[in-house]
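Novice: I would like the entire structure built from these sequences, with the hints used as guidance.
Chains as they are written, first to last, in our numbering: chain A, 1 to 293; chain B, 294 to 586; chain C, 587 to 879.
One thing to keep in mind: the hints can contain errors.
Within a straight-line C-alpha distance of at most 35 Å, the following computed DSBU-like cross-link-like pairs (lysine-lysine) qualify [claimed, not checked]: (1) C:K850 to B:K554; (2) A:K6 to B:K297; (3) C:K795 to A:K4; (4) B:K299 to C:K590; (5) B:K533 to C:K847; (6) B:K298 to A:K4; (7) C:K590 to A:K58; (8) B:K299 to C:K871; (9) C:K592 to A:K5; (10) A:K6 to C:K591; (11) C:K871 to A:K58; (12) A:K119 to A:K209; (13) C:K592 to B:K554; (14) A:K264 to B:K557; (15) B:K299 to A:K5; (16) B:K298 to C:K847; (17) C:K796 to A:K4; (18) B:K297 to C:K871; (19) C:K871 to A:K264; (20) B:K554 to C:K591.
Per the computed footprint, the stretches of chain B lying under chain C, defined by three or more beta-carbons under 8 Å from a beta-carbon of chain C, are [claimed, not checked]: (21) 301-312; (22) 315-329.
Please keep in mind that the hints were generated in silico from the structure rather than gathered at the bench. Treat the numbers as computed from the prediction; the structure is a model and nothing was measured. C-beta: ideal position from N, C-alpha, C; glycine also.
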Amino acid sequence: MSDKKKILIQLDSDPIPSVFDRIVAIDAGADEVFSYGGIAPEMVRDLIYGAIFTRGTKDLNHTAVFIGGNDLARGEEMLGRAVKSFIGSLRVSVMLDSNGANTTAAAAVASAGRHQELKGAAVLVLGGTGPVGKRVARLCAREGAAVRLGSRSLDKARQACEEMRARIAPGSGSLSPAATQSEAELSRALEGVQVVISAGGPGALLLPKKARERFQQIKVMADLNAVPPLGIEGVDAMDKAADRDGVVAYGAIGVGGLKMKIHKQAVAALFERNDQVFDAEEIFKLGRALPAQ
Amino acid sequence: MSDKKKILIQLDSDPIPSVFDRIVAIDAGADEVFSYGGIAPEMVRDLIYGAIFTRGTKDLNHTAVFIGGNDLARGEEMLGRAVKSFIGSLRVSVMLDSNGANTTAAAAVASAGRHQELKGAAVLVLGGTGPVGKRVARLCAREGAAVRLGSRSLDKARQACEEMRARIAPGSGSLSPAATQSEAELSRALEGVQVVISAGGPGALLLPKKARERFQQIKVMADLNAVPPLGIEGVDAMDKAADRDGVVAYGAIGVGGLKMKIHKQAVAALFERNDQVFDAEEIFKLGRALPAQ
Amino acid sequence: MSDKKKILIQLDSDPIPSVFDRIVAIDAGADEVFSYGGIAPEMVRDLIYGAIFTRGTKDLNHTAVFIGGNDLARGEEMLGRAVKSFIGSLRVSVMLDSNGANTTAAAAVASAGRHQELKGAAVLVLGGTGPVGKRVARLCAREGAAVRLGSRSLDKARQACEEMRARIAPGSGSLSPAATQSEAELSRALEGVQVVISAGGPGALLLPKKARERFQQIKVMADLNAVPPLGIEGVDAMDKAADRDGVVAYGAIGVGGLKMKIHKQAVAALFERNDQVFDAEEIFKLGRALPAQ
Chain A
1 MSDKKKILIQ LDSDPIPSVF DRIVAIDAGA DEVFSYGGIA PEMVRDLIYG
51 AIFTRGTKDL NHTAVFIGGN DLARGEEMLG RAVKSFIGSL RVSVMLDSNG
101 ANTTAAAAVA SAGRHQELKG AAVLVLGGTG PVGKRVARLC AREGAAVRLG
151 SRSLDKARQA CEEMRARIAP GSGSLSPAAT QSEAELSRAL EGVQVVISAG
201 GPGALLLPKK ARERFQQIKV MADLNAVPPL GIEGVDAMDK AADRDGVVAY
251 GAIGVGGLKM KIHKQAVAAL FERNDQVFDA EEIFKLGRAL PAQ
Chain B
294 MSDKKKILIQ LDSDPIPSVF DRIVAIDAGA DEVFSYGGIA PEMVRDLIYG
344 AIFTRGTKDL NHTAVFIGGN DLARGEEMLG RAVKSFIGSL RVSVMLDSNG
394 ANTTAAAAVA SAGRHQELKG AAVLVLGGTG PVGKRVARLC AREGAAVRLG
444 SRSLDKARQA CEEMRARIAP GSGSLSPAAT QSEAELSRAL EGVQVVISAG
494 GPGALLLPKK ARERFQQIKV MADLNAVPPL GIEGVDAMDK AADRDGVVAY
544 GAIGVGGLKM KIHKQAVAAL FERNDQVFDA EEIFKLGRAL PAQ
Chain C
587 MSDKKKILIQ LDSDPIPSVF DRIVAIDAGA DEVFSYGGIA PEMVRDLIYG
637 AIFTRGTKDL NHTAVFIGGN DLARGEEMLG RAVKSFIGSL RVSVMLDSNG
687 ANTTAAAAVA SAGRHQELKG AAVLVLGGTG PVGKRVARLC AREGAAVRLG
737 SRSLDKARQA CEEMRARIAP GSGSLSPAAT QSEAELSRAL EGVQVVISAG
787 GPGALLLPKK ARERFQQIKV MADLNAVPPL GIEGVDAMDK AADRDGVVAY
837 GAIGVGGLKM KIHKQAVAAL FERNDQVFDA EEIFKLGRAL PAQ
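Specialist: Structure (structure tokens):
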């Protein structure tokens, strides 16, 4: 067993590296957190070199990288650069959670999955073309659900489905685009759906109560926006398996406890090996393995 | 008992966060210091959110905030923003010590109080309208002294007294303005005074020796400026309860040992609860409780 | 024995303080690393004041300063400012290793010295006027070698020798300039030489194989440039005491293991006393004392 300290290198795209991520890292068992703010993709390589050229291969699982900040697109680019900088076995485990998107999507899908078996279920993702929505859709499809990826624009929804198809294992669930702007479109999208997850931006109502009430088969609904008005009318941000008109409801803060547990679990797991890359799927898998709260 | 690490979040208004404050924090028992430089008041809220939304309420006493930097006015604004960012019991303890002003004022008043009971005493604060001077005046008045807040401009002195009156508990000491520019004004201000504390800027002689010598009742004098010429002629920066013409004298460096002890004590005390706000008064109270050196 | 934590203050001239130096510091036993990036010489004094005015004299060996970054000239200026900021016994140990120059030079000379007694040997330093080359020349001369400091310009070589003469103890080795541009000059410089160390910039071939092969007395050659083409034709960056045409060869990566050991050893040694200044010579001395790998 190595006596090396566990070092987490926090690469944050924001000028001020997140206090939140830093505290969670410490509480997850990192001995040291090296916090870097204002990181752009082109700075990543040298930082990774510093990480992989210091400790011996057998100790490299004691160094890991966490990519955060508000800008998820930039975070994804940073993750790509990090992985490309590794040289054979000279690599460290790395986790992406810009804007908390991965841990949020994982917590939402894991929460829904506690009430409705996702394999074979029909799931509607509202605001599905945004970064969190795409992650939710990916996770549900990989669990075996027939996912309708909703967007006001059918074209955008189609494009997002195309993008992600490569990530869905053949034989698992499916992804299909759904327009959700007009009442008629929304009704078509809700037909036969057991789970609705709303991942739209703050302040946009995507599913009015009266549209939803006509579909009694909906079993679970989750809204990942914490700023009112929420995307699903009738859900409260604090809801955590709350009963709302006979539907199990989750709000953004309601999934927050599980999100936090998943975040900690993932940071701790980074140090188990030196070759892990934690994006949505890997983080979800860790989250699903957690005992129910 | 929680096994959470004690995290101090250092918010410094200077671009380079103070090494001094960081070392003292470690020596005071903080397990981790998160150092942020170049902090402006409008950045404080998000940093505080990171602090209060991570750990459970029962563990929030293991996270605390230290506000420092050279600009005390900015530090006060940052303190205000921090306190306003708390949400009910979601809060952490916070300490302000920009430019060392609070720990310096506390050490000076505690030192003087070891030689002269402040309750009922007459105290002259030279340079009393500056940030340290105002803190010294507040502390002495709350101890029960009749404080003369001195300034070259009577108007400014009056204004400073007005500002602070709300902070002095009724029935405790008093605050009155005193002009101290001309020899005649200075003599009037020194009449019957037992304690003189000089808190003016560097290089300004506020009390010439010959003016002081005519007032044999002066028992203690302290000068908080470390750069010669000091504000009180005849005091040396190293003086620590030194006898200067029969007066007990303290210089800036002479109170430094106690100041450091108070600083450490205060940082350690931050972690006792999660709802403390340490400005001059609270820090002085901690300092007074320390055993004499 | 003090129970103070060992704090290393990393002053880096680059905007992003080196991850490499930070990890090595932790692995060398520092309990805390305070990392500061974008440091200019004029900022050093206040940072040093923060280091020397916090802990008592008997504990100052628990605080130390590491100067790094890519710019060695700036690092040397920072070291000068740090040393000038000390006040009598109020000082901390400080180490310079900008661009890894000191630990690299120390590792190269120590490696060569394992195969050829340097006292009395003739050593040619190619690229000898650069910062690493000058360090290599200094170290060899102090070991008692007759050093030929090579440069394409004899004037520059002469100037570098002049500069360093004060640093070579009288009675130890010697330093003499050598032009190395033309084939004839190079041959003259190689006459009777046992050790060749190349410290030129990346991508400049300084010693072609056919020039070298005519000098069978060469016993050791080391090339400190890791980017091909190397300075000495026929050496590989990975070489570590490799046999190349009967010559013991070292490449930049080949000396890397020893360089890392020396780096760690030096950081650990900083905390033994509070009055050490580690530049090339001191770091070499530590490196030579390490057991052979």
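Novice: Next step is simple, just say for each hint if it's right about the structure.
Specialist: Results of checking the hints against the structure:
1. Note on K850 of chain C and K554 of chain B: the hinted pairing holds, with a Cα-Cα distance of about 34 Å set against a maximum of 35 Å.
2. Under the criterion of a C-alpha separation no larger than 35 Å, the hint pairing K6 of chain A with K297 of chain B is consistent with the structure, at around 16 Å.
3. Under the criterion of a C-alpha separation no larger than 35 Å, the hint pairing K795 of chain C with K4 of chain A is inconsistent with the structure, at around 43 Å.
4. Of the pairs offered as hints, the one joining K299 of chain B and K590 of chain C holds, with about 16 Å between alpha carbons and a cut-off of 35 Å not exceeded.
5. Proposed proximity of K533 of chain B and K847 of chain C is contradicted: the alpha carbons are some 48 Å apart, above 35 Å.
6. Restraint check for K298 of chain B and K4 of chain A: satisfied, since their Cα atoms lie roughly 19 Å apart, inside the 35 Å limit.
7. Note on K590 of chain C and K58 of chain A: the hinted pairing holds, with a Cα-Cα distance of about 31 Å set against a maximum of 35 Å.
8. A hinted pair counts as satisfied when its Cα atoms are at most 35 Å apart, and K299 of chain B with K871 of chain C does not qualify at roughly 40 Å.
9. Only pairs whose Cα atoms come within 35 Å are accepted, and K592 of chain C paired with K5 of chain A is accepted, the gap being roughly 15 Å.
10. A C-alpha spacing of about 18 Å is found between K6 of chain A and K591 of chain C, which places the hinted pair at or below 35 Å, so the restraint holds.
11. The suggested pairing of K871 of chain C with K58 of chain A holds, with an alpha-carbon distance near 29 Å, which does not exceed 35 Å.
12. Between K119 of chain A and K209 of chain A, the direct Cα distance comes to roughly 27 Å. Compliance with the 35 Å bound is thereby established for this hinted pair.
13. The suggested pairing of K592 of chain C with K554 of chain B holds, with an alpha-carbon distance near 20 Å, which does not exceed 35 Å.
14. A hinted pair counts as satisfied when its Cα atoms are at most 35 Å apart, and K264 of chain A with K557 of chain B qualifies at roughly 31 Å.
15. Restraint check for K299 of chain B and K5 of chain A: the C-alpha separation of about 18 Å stays at or below 35 Å, so the hint holds.
16. For a cut-off of 35 Å, the pair hint linking K298 of chain B to K847 of chain C stands: about 31 Å separates their Cα positions.
17. Using a Cα cut-off of 35 Å, the hinted pair K796 of chain C and K4 of chain A is violated, with the two alpha carbons roughly 47 Å apart.
18. With a CA separation close to 43 Å, the supplied pair K297 of chain B and K871 of chain C exceeds the 35 Å bound.
19. Between K871 of chain C and K264 of chain A the alpha-carbon distance is near 45 Å, which puts this suggested pair outside the 35 Å criterion.
20. A hinted pair counts as satisfied when its Cα atoms are at most 35 Å apart, and K554 of chain B with K591 of chain C qualifies at roughly 17 Å.
21. As drawn, the stretch 301-312 of chain B meets chain C at 3 residues by the rule of a beta-carbon pair under 8 Å; at three or more, the given contact holds.
22. Counting residues of the stretch 315-329 of chain B whose CB lies closer than 8 Å to any CB of chain C gives 7, so the stated coverage by that chain holds, three being the minimum.
Of the hints listed earlier, those the structure fails to meet are numbers 3, 5, 8, 17, 18 and 19, in rising order.
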